[in-house]
Amino acid sequence: MSVTKEPVAVVGIGQTKHVAARKDVSIAGLVREAAQRALQDAQLTWADIDAVVIGKAPDFFEGVMMPELYLADALGAVGKPMLRVHTAGSVGGSTALVASKLVASRVHKTVLTLAFEKQSESNAMWGLSLPVPFQQPLLAGAGGFFAPHVRAYMRRTGAPDHIGSLVAYKDRRNALKNPYAHLHEKDITLEKVQASPMLWDPVRYSETCPSSDGACAMILTDREGAARSPQAPAWVHGGAMRSEPTMFAGKDFVSPQAGKDCAADVYQQAGIKDPRREIDLAEIYVPFSWYEPMWLENLGFAEEGEGWKLTEAGVTELDGDLPINPSGGVLSTNPIGASGMIRFAEAALQVRGQAGEHQVDGARKAMGHAYGGGSQFFAMWLVGSEPPQN
Amino acid sequence: MREVAIVAFAQSDQVRHSDEQSEVEMLMPVLHQVKEQTGLNASDIGFTCSGSSDYLAGRAFSFTMALDGVGAWPPISESHVEMDGAWAMYEAWVKILTGEADTALVYSYGKTSPGSVRDVLTRQLDPYYVAPLWPDAVALAALQAQALIDAGETDEPALAGIAARSRDSAADNAHALMKGSVPQGDYVVQPLRKGDCPPISDGAVAVVLAAGDKARELCARPAWIRGMDHRIEAHSLGVRDLTDSPSTRLAAERAGVFERPVDTAELHAPFTSQEVVLRKALKLGDDVNVNPSGGALAANTVMAAGLLRIGEAAARIHRGESDRALAHATSGPCLQQNLVAVLEGDAQ
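Chains as they are written, first to last, in full-length UniProt numbering: chain A, 1 to 390; chain B, 1 to 348.
Rather than coming from a laboratory, the hints here were simulated on the basis of the structure. No residue lacks a Cβ here, since even glycine has one placed at the ideal position from N, Cα and C. Don't take each hint at face value.
[Stated by the list, open to error] Below, computed lysine to aspartate or glutamate pairings styled on EDC-like, alpha-carbon distance capped at 20 Å:
hint, chain 1, residue 1, chain 2, residue 2
1, A, Lys-5, A, Glu-386
2, A, Lys-109, B, Asp-263
3, A, Lys-109, B, Glu-259
4, B, Lys-194, B, Glu-217
[Unchecked claim] Now the stretches of chain A that chain B is said to cover, found in silico as 3 or more residues with beta-carbon under 8 Å:
hint, stretch
5, 16-24
6, 72-82
7, 102-111
8, 251-262
9, 347-360
10, 373-386
[Claimed, not checked] Which chain B residues face chain A? A few, computed with CB under 8 Å, are given here:
hint, residue
11, Arg-2
12, Asp-68
13, Ala-72
14, Pro-74
15, Ile-76
16, Ser-77
17, Ser-79
18, His-80
19, Met-83
20, Pro-114
21, Arg-118
22, Asp-119
23, Lys-194
Model the full structure from these sequences, guided by the hints.
Here is the structure:
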């Protein structure tokens, strides 16, 4: 049976100014701020929203079990459906995709989707490191887990040691053009990045994501809603999720199959044959600098072993041929549960032409990417300035 | 709207303790059962969605372990909600409605026993104004029960009757934990007695969804999902009328419950008093067979008990014991969030 999906448009985007600690607001205050900005952007009110889909990373990060129950009031969800997604670090992306399905299936017309993390409420590193009987410990947070896989990438490709610092230097400079980014290091230099302390060899302090408080919200709607939109919408051309187990014999941590499959699915939906040429920019989930070249290969923007060469040649700079993370990326802003949605939202901002100082000229197709767990959960979407053709 | 049905259902025994088993060990046999029922392998299934809680597991990303039991290799299209499995099924149903998948595996599990679940559930409450007071789940349900008694909606003997009927029904349910006659006992929190409260249980549940002809191919009598909807209410108990459940009523309306009478209702009412609220909101008459499985009073595996209700209702349709059934799931303090599904079998 063939089913015709409703095209999905992004008509509202809102973020909070991401910072280390939002001591001035409660969790409810934080999420409401982002949601109201998204509504304002779409020129809609709470009454226009049919359903709310919220996502965040582990509940231990704030110490609130299933916080959506408490947040129902703040997000105008009373009397409406409310879903809570949790797919580890990819959750911000997955949440947007779950929301988009509600519109694509015509179950709802207009949906508010939001992701957040208020990491200052606790300590994310130790929230991730609770000892589990009979399981390998996570070794002091995510950096300890991912650094060996970066080493494996360097060994496999022969990438020179300085590539990671180039990524960090670029993303932190891009962040200076994004008013919502957490880190605004006005005096950043490449030398400073390279001189920063080594945390998890080969990942240095300045090549690591910060810990942020922040929320990001989007309003997704159908064709009718898009027609009423006061500003140009971004259209969803493809979206997919893929998962694989954390560990198994033969797992490729450097370039996981689930990531490749997820990207292939998105490209197929969007009719993309050559991602490097057809996609104008990508917001990809790079929590540690080296993940830029790694994901460039995994996503098919570069041949295997060639990703670092794009970074080194400046291709991924804001004025490069394929800008990666013009917003400053996860390296500059990381409210974990929201980070995936920020990638998705920044991709949408770009094709709407509303990214301000970090706008990529003429951006028509952009990718948003998120991953999580032990490089095992992937969520991606491709958005365009024009409605999808298929 | 695309025709989608529940074509398989399996559950573990719901047990008081599962110290000797991890979550994935508890879940695996259940996943194997639904795969055997349908003949589907992991790679045949279009979408997988699960529901569970890190706060029960006591660790972050606890659902990643369960993925080992699914056999997610080659990689699968998969998602997870930090909600009861009933909402995972909702997500999977929507996915099938888009046409992106024709089949879906939905599962959930919970180990309620390792911690004091009464206290653990206080962490769901408003973290600034309510959670610091640690009002536990039984105490909040008792407030609701007292409000019902004060409003003349029920009394203690009526609640005892609900408890007795539920556990009598559970006598026929091989997987239930608390079966047969159980003394009402002393007050746990007045007016709720021990018999009014659910047992603490651990367990796992899985269902398989399929669309159209695929459903007919996989199941002799599919349980067609005629409608499904869920709604949430305000969090603060002080702004709610605890004797009513407008979110359940609205979800039921949207799901089409009131279009024709149902013969069976599986209600997720962990406390006897909550069945009173739900019966009223759903306008269920005495001719409806309520909780033939024994309901949550016979086994209340947190995060799975809602999907269990849906699975039990579907199984009755599969067996030809029901033609039109209602299934309900709840989450949050005092029935804050509610999901309602209407299931039907083809004419026999």
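Checklist line | List of violated hint numbers, smallest to largest | finding: Of the numbered hints, 2, 3, 4, 5, 9, 20, 21, 22, 23 do not hold.
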